[in-house]
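Protein chains in written order, with the working numbering: chain A, 4 to 932; chain B, 43 to 151.
Treat each hint with caution, since some may be false.
Said to hold, decoys possible - Mimicking DSBU-like on lysine-lysine, the simulated pairs with C-alpha atoms at most 30 Å apart in a straight line are:
no., chain 1, residue 1, chain 2, residue 2
1, A, Lys37, B, Lys60
2, B, Lys132, A, Lys425
3, A, Lys891, A, Lys697
4, B, Lys118, A, Lys425
Source of the hints: derived by calculation from the structure; they are not laboratory data.
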Amino acid sequence: MNFKRLREVFTRPASQENDSNDELHFHLEKEIEKNIAAGMSPEEARRQALIAFGGIQQTRESLREVHRIRIFESLLQDTRYAWRMLRKSPAFTIIAVLTLALGIGANTAIFSLIDAVVFRSMPIPDPGGLLLFQWRASHGPETHGYMNFGECEDQSDQAHPFGCSLPLPFFREVEAQNNVFSHIAGFATWQDLDLSGNGPATMVRNLFVSGDYFPTLGLRAYTGRLFVASDDRTEAAPVAVLNYGYWQSAFGGSQSAIGKTIKLNGRPFTIIGVTEPRFDALTLANKYDVWTPLSRRPDLMPHWRPRNDQMDSFWILVIGRVKPEVPVEKAQAAVSLLFRNEMIKGVNKPVFKAEYSPSIELKSAPRGMGGSQKSILQPLYVLMLCVGVVLLIACANVAGLLLARSTSRQKEIAVRLALGAKRGRIIAQLLTESVLLSGTGGLLGLVVAVWSAKGLVTMWASQSYRSMTLEAHLDWRVLAFTSAVSLLTGLVFGLAPAFRGSDIGLTSSLKAGNGDAAMGTQKRRGITSGGILVSVQMALAIVVLVTAGLLVRTLNNLKGLDPGFETRNLLLFGVDPRLAGYKGPQIDSLYRSLQEKFSALPGVKSTTYSWMPLLSGGLSTTSFHRPGTPIDSKDQVDADVLPVGPKFFATMHIPILLGQDFTEADFAAAALNGGDKPGSSPTPVIVNQLFVKKYLEGKEPVGQQFGDANPDDPGEPKYPGYRIIGVVGDAKYNQLRREIMPTFYQPNIGGDAFFELRTASNPIALLPAVRHIVGQENPDLALFRISSANEAIDRQLVNDRITAQLASFFGMLALLLACLGLYGLLSYEVTRRTREIGIRMAVGAQSHNVVRLVMGKALLLIAVGAMAGIAVALGVTRLLTSVLYGVKAGDPITLLAVAALLALVALAACYIPARRATKVDPLVALRYE
Amino acid sequence: MGNQIELLQGTLDLLILKTLALEPMHGWGIAQRIQQISKDVLQVGQGSLYPALHRLEQRGWIGSEWSTSDNNRRAKFYSLTRAGRNQLEKELGEWERLSAAIALVLQQS
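Kindly generate the complete structure, drawing on both the sequences and the hints.
Structure below.
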């Protein structure tokens with residue numbers, strides 16, 4: 004390869020100027036010489052020469068013009084020529100373009116989704132100026148309660164804790180002392196509300212917001228008005244704002260909705276306005292139907308106590324904008340100081356001790372919020388890796404096709420070279436062909452991308468509870484990405500064939516003969532560039548297949564997990580009697596009544612209920628001093644808590660190992676402690692085995708007491724804590740991936756509950772009968788979150804399942820492409836060496852000798868590719884560790900299985916060419932030219 | 043200076059090609075040769091000469107090479123390529139047909 008020529012191709016414009024100048028100067032010098040020779044004096048000679056010379060600038064400009072046109076013209080010429088050449092071989096062009104379209108399209112689709120998740124700014128004016136309050140300390144807080152709804156990244160129970168949930172009194176103080184913020188707002192969500200007064204009762208998603216929420220976000224009303232500060236006072240009239248989409252679907256977009264009174268959880272609220280259409284949700288997965296003022300929270304939350312709104316209950320998120328003249332650091336310091344003082348003071352004891360250095364950080368809201376984004380990003384990154392590799396394989400494939408094609412164009416290229424074309428021009432022209440191919444592939448790929456991105460989002464959204472507002476747009480970033488990828492792809496797969504194709508020994512290729520200059524100027528037995536490409540494809544295919552294999556195994560591990568209870572034939576549904584007006588003991592007697600009636604149904608083997616169904620995502624934890632330590636000990640430990648109804652363990656098939664299940668007396672005792680003032684005897688609870696192992700160290704569990712605590716106010720009786728009456732087997736609580744923790748179960752008193760029905764066969768079939776019973780009991784009771792336990796678990800595994808499916812698809816695609824490449828190479832080899840094979844057979848070679856001849860190289864390529872692939876896979880899959888479960892990134896079984904699969908399929912791909920080789924008729928071959 | 047006859051661009055190209063058919067030379071030499079042989083009638087200025095030379099080079103009909111001239115200066119020498127030779131033949135043929143045709147028309151009295 005001639006480097007000097009290559010350099011010239013790229014540096015011509017720069018040196019062109021110098022060359023032109025030198026040329027013109029030379030001309031002038033000669034003119035002067037001529038004049039001197041004719042007898043003029045040097046000065047006269049020069050003067051006359053300059054006059055005759057005319058305008059040098061003009062000439063320079065003309066020359067520049069000539070060269071400018073040339074570049075443009077040659078580009079145009081190249082493109083036209085390339086287009087003609089591609090049209091001449093339609094099969095090749097179509098295959099190449101389709102392959103590239105798939106590869107580029109898949110990459111663009113995944114990228115556009117990542118783009119939507121990561122770069123999507125909040126649909127409000129000036130999202131950059133919105134700040135989120137985030138607390139930080141060196142140790143977690145001592146709280147009365149900590150609520151986190153996934154709006155932001157929260158690590159309150161980790162080593163270096165931080166979070167965005169804050170106490171209400173702190174927010175109110177910041178709101179009141181407002182001299183650094185132009186706007187400040189607080190918001191929180193809770194459970195869905197029962198909305199009635201507009202047709203049949205439905206459940207709606209609600210967000211509690213403070214008075215300045217909408218101005219802080221910069222939102223305006225589409226019709227009616229939005230909240231102002233005076234709406235957020237305790238004595239204010241109850242008002243609500245509707246989401247535009249919800250207003251359209253539930254109220255038909257009718258103006259009569261404004262001013263209408265509806266009932267939320269039985270309380271009357273007046274609708275005062277509707278938000279702008281373009282504002283759907285602040286973050287990805289949290290779309291709300293209504294907004295209500297923060298001060299209305301006690302009315303709408305049935306379990307609310309004044310205790311919940313003190314300085315040690317964290318549940319509200321705070322956002323704000325600083326005044327333009329105040330630097331952010333100053334505002335941050337001010338609120339941080341306020342926070343620190345309040346936290347050290349606490350309620351009766353410090354929430355954060357002084358030495359934990361509690362502080363507030365003002366983070367950019369677009370970056371700080373969107374906590375649930377992470378769960379979508381992870382699978383997307385994995386998929387990005389897979390499609391990236393598939394694109395590389397596609398490139399290698401097309402490069403192989405181009406190499407093979409260049410041999411058939413040798414005559415044409417040789418003639419052009421002989422006629423005086425510069426090699427650089429030929430390379431440029433061949434590259435134009437490649438870029439034209441990849442550009443067309445890219446355009447087609449955009450179509451593929453839009454369509455597949457939509458499909459992906461639909462697949463995701465249909466399988467999760469929360470409504471997602473993810474839309475992949477074709478914005479400039481995505482288009483730029485596609486163009487860059489297309490261009491790079493074209494250069495990557497076009498470069499090598501272009502250089503190879505133009506490097507021809509003229510004499511050999513102009514002669515008739517087997518034209519194998521590009522493919523075979525090397526030794527016959529060596530590895531040609533075609534072979535290298537195939538090995539590379541094999542290696543890359545292994546990487547994708549290993550990724551897919553690990554993901555599939557992760558999915559199987561998760562699906563096959565024994566959660567500690569029986570998941571088959573279990574019907575789940577939730578009911579909240581408080582929304583229909585039930586209070587206190589009425590709730591429990593309703594539950595008992597329902598439980599009896601359900602159990603009496605034919606097809607129902609047993610019934611129970613609990614605060615949350617297992618493996619639904621809901622989790623409740625608590626902490627207490629380690630059993631055996633004094634009541635005020637600093638040694639605090641954590642445990643999961645689940646309130647359950649009668650016959651819970653029997654219905655869920657969780658084995659009782661020691662002691663016994665709850666009796667009616669236990670429920671009564673628990674009811675005493677569930678009121679405003681705790682009773683005097685401990686609540687009976689049942690613990691799991693892990694609890695015994697970790698906290699009771701060999702002591703006899705039944706009868707043990709723990710968790711007693713001193714009262715918040717002196718003079719009040721102390722909390723009696725818990726008394727263990729039984730031990731059960733370990734079971735998962737909220738998520739499959741989360742390890743089982745020490746857990747205790749307590750009797751469920753009041754509140755909403757989820758029923759679990761163990762059925763004889765298909766659980767959903769019992770639903771009509773269940774609805775009938777509930778409707779008969781009280782027509783205002785609504786059922787929600789109905790599903791079978793297996794369905795609910797499947798929903799948890801959505802991400803894992805989709806990723807595994809897609810990775811497997813891409814893995815198979817990669818394998819197919821790689822084997823097609825291998826097949827193509829071998830076919831070509833057999834054709835090329837037909838003469839040689841014919842000769843060998845004529846002198847006595849058997850079939851198996853011929854096969855060995857052909858396959859020898861193939862086996863080498865497969866082996867090299869497989870080993871390289873495994874090596875690369877070992878490195879790459881380390882990135883996957885956070886997504887895997889139950890299988891390590893370097894799992895040898897998966898690696899071996901994948902390698903075996905590749906070998907098998909590859910050998911199958913070799914079969915046809917090998918067979919063709921054995922069918923060669925020596926007589927025909929010897930005559931073949 | 044005398045009366046300068048305007049040369050069409052295509053004609054200048056033909057003259058350059060013909061001049062280079064004998065031997066390679068640099069731009070100034072080409073201009074001198076044309077002037078000499080045409081007995082000073084055709085004087086090609088650098089303003090039209092060099093653009094023409096660069097265009098011809100782009101078309102691939104002449105090639106160029108930097109070398110030392112007779113006065114030991116660095117100069118760009120042009121030579122006719124094979125494609126250029128073919129083109130010259132073609133254009134000479136066309137020129138002859140054209141001038142014959144014009145002569146016929148002008149002879150009409």
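Against the structure, the hints:
{"no.": "1", "hint": "A:Lys37 with B:Lys60", "result": "holds, 24 Å"}
{"no.": "2", "hint": "B:Lys132 with A:Lys425", "result": "holds, 23 Å"}
{"no.": "3", "hint": "A:Lys891 with A:Lys697", "result": "holds, 27 Å"}
{"no.": "4", "hint": "B:Lys118 with A:Lys425", "result": "holds, 18 Å"}
Of the numbered hints given earlier, the model fails none.
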